[in-house]
Structure formats: structure tokens, C-alpha cells
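What follows is the residue order along each chain.
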Amino acid sequence: MAERRLPASRRGPLVVAGRELGSRLVVGTGGIPSLDVLDQVLEASGAALATVALRRVDPTSRGSILDVLGRRQVAVLPNTAGCFTAAEAVLTSKLAREAFGTDWVKLEVIGDERTLLPDVAELLDAAEQLCDDGFVVLPYTSDDPVAARRLEQVGCAAVMPLGAPIGSGLGIRNPHNIALIAETCSVPVIVDAGIGTPSDATVALELGCDGVMVATAITRARRPVQMAAAFRHAVEAGALAKEAGRIPKRFYAQASSPAEGAAELDVSPD
Amino acid sequence: MIDVTVNGNQEHLSATTTVADVVVRFCPSPDGVAVARNGDVVPKSAWPSTAVRSGDRLEIVTAAAGG
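If you're matching them up, the sequences are chains S and D in order.
Heads up: the first sequence at position 42 corresponds to 42 in the working numbering, and the numbers run straight through without jumps.
Heads up: the second sequence at position 53 corresponds to 53 in the working numbering, and the numbers run straight through without jumps.
Some hints could be false.
With the Cβ distance kept under 7 Å, some of the chain D side facing chain S (calculated, not the full set) [said to hold, decoys possible]:
id	residue
1	7
2	32
3	33
4	34
5	41
6	46
7	47
8	61
9	62
10	65
The set of hints was computed from the structure by calculation and includes no laboratory data.
Note that the coordinates shown come from a computational prediction; the quantities given were computed from them, not determined experimentally.
All C-beta atoms in this analysis are idealised placements derived from N, C-alpha and C, irrespective of residue type, glycine included.
Extracted from the complex, chain S is given alone in its bound form (with noise of 0.2 Å):
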């Protein structure tokens, strides 16, 4: 007997820079509780792209999240976490590409200690420098779509527009900014911190995303390997339900029962 296959994503796979990615999911690895979840995640989530950070050395740390990835296959997306000002995150790209051999950067400047929102002006200046020099850059940026269009100006490969407040979980608040961006990035658009649990991301991909990005969401849920799993199916139930195209919305209620041949069923009150 013939299998039976579901269908899949026309869309193809996602790739940026030229470069294809077998998954819409980039995993972030930060608040992950020990390398083995880590590799279980890594698995779990079929990523093909995960973020580090870059710190100083601990002389007594016994194993590398490096080879953890290498091992899974699932490249290193190093990002500038904690950067306050461009020169901070210029100095840390050109750190990570000597330290990891890629010039591929996440590119986070940072407005605000409380809220962690990016400071886009900053951004801009560093995203500027770096793709003139030759980077991969990546910025995450507020869900702004003419700051999304700036960035894509000046070369960034992508653009990681914000769901939410990074950590807070509290989903895509501006669903059609994150439309709106969508739309008019013709480089991919993949939603970036605030995701809280799966259903974010299915909704990040309906609104024509092209990508998510998942971190405190998988590793500090209860169970971040079968967290990580659900997040694998999530983004692949949006990329399916963006391209077979949702219904409209309506105001009243539309039957989906034909009106034509119900009985006349003659019955009475008692």
C-alpha cells in the first residue's frame, strides 16, 4: 500500500545570505540548564542555526557549547549580547568572526537595561559598519517596519524585528507591524524575542514571517526537550497555514451547513 504523505512547504526552505537553512527555527541557547539538554534541544528542534554568547574564559568550564553544536551539525550564529553602543557590538562581531570563524553576527544593541529594547540609532551605525566590512549581519530591532527597511539598506541579511520585550514571553503585541514588515522586507524576516510558547511562533509565521527565533521560551520551559519539539512543529504548521491561506474574518456567523434541503421538521412545543 501506497504511503500516504502530507503535504509540505512549498515555500522552500528558509536561506539567508545565500546560505540554506533546513529549519525556520534558530534556536537560542541562552538560559539552557546543562550542554547534554542542550543536545537534546538541538535534536528535538531540528535547527540548523543556533546563537551564543560571547564572554570572558572560565579556566574551570569542562566542555564547549561549541562542540556540542558542531556535533549536532547546527552552526554558530554568535551575538552581541549585552552591547550598549555600536563600537561595543563592532568590537564583539569582529571578536566572535576571530573566535568562531564566521561572519555571521546577531546583532543586538541595546537602549535599555529594564525593557532590553534595542536602541536602533546605535544599531543602524553598527549594522552599517559591519556589512562594510564584509559581515552577515542579523540585527534584532524593534518592530518598527521603516527601521526593519533602514536595516535592510544598509545590507543586513535578514532583519529580527522583536515580538516582545526579550524573556518576557509575552508574544507578538504588534501582529501588524510585524505584517507590515513582513511584507515589505524582500531580505527574511525572522520574529525575535517575546516568544512565549509555541502558538507565537505558528502566529509569527501566519503573519508571513519567515523564521523565528526561540530561546528562554525552549530552555527554561519545564521540559525544554519536548518544548523544543513542539516549537519544530508550530513553525511548520504556520509556514503550512500562511501559504494554504486562512479564511477571512467576519463580524457574524457564517453556516458551514447548507441552508437548502434541511427537513421541516413540524415539532411542537409540549
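Take the given structure of chain S and dock chain D to it, following the hints.
Leaving out everything else, chain D in the frame of chain S:
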């Protein structure tokens, strides 16, 4: 001897120390490591030939779990 700052700590090192020597001393492995000296990247290829001077600030960084 010279006094340098390595990852925020004061270190008393031999006057002939190079960046490569410092990396060997402070890192379990040089893989996945980068060095900034006084705010500039020192490429790996230049570690053995880059002398550390008194008052230098060195930052030695590697991958950590992060967003």
C-alpha cells in the same frame, strides 16, 4: 615583570610574555577563543608575535550560552 589586566584581574607576568603565552595560561584550549588588547582584536596568527606590555588590558573571550 609587568602588570597587566587579564579579564578584569591584575596579573604579574614576565616582561617577555606574548599574547599566545597568556592564552595558554588562562584557557583550557585556544579553540573558539579570541583576544582583545586595549580594545583591538589581536588575530590568532599574531598571538605569538604580539608582546604584552605593562598596563595592557587583555580580554580573552569564548562562546557561552546566550540569547
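Next item in the hint list is residue 33 of chain D. Is there a CB on chain S closer than 7 Å to its CB? Status holds, d = 6 Å.
A closest beta-carbon separation below 7 Å is what the hint needs, so does residue 62 of chain D meet it against chain S? holds, 5 Å
Hey, does the residue 65 of chain D contact hint survive, CB to chain S under 7 Å? Check passed: Cβ of residue 65 of chain D comes within 4 Å of chain S, closer than 7 Å.
Evaluation of the interface hint that places residue 32 of chain D against chain S, nearest CB under 7 Å: holds, 5 Å
Does the nearest C-beta of chain S fall within a distance shorter than 7 Å of the C-beta of residue 34 of chain D? holds, 4 Å
Interface hint check: residue 47 of chain D, Cβ to nearest Cβ on chain S, cutoff 7 Å. Holds or violated? violated, 10 Å
Against chain S, with CB atoms and a cut of 7 Å, does the hint on residue 46 of chain D hold up? violated, 10 Å
The hint names residue 61 of chain D as touching chain S; please verify it with the least Cβ-Cβ distance against 7 Å. holds, 5 Å
Once the shortest beta carbon distance from residue 7 of chain D to chain S is found, is it less than 7 Å? At about 4 Å, which falls below the 7 Å cut-off, the nearest Cβ of chain S leaves the hint on residue 7 of chain D intact, so it holds.
Given a cut of 7 Å on the nearest C-beta pair, is the interface hint for residue 41 of chain D held or broken against chain S? Status holds, d = 5 Å.
In the structure shown, a violation is registered for the earlier hints numbered 6, 7, in ascending order.
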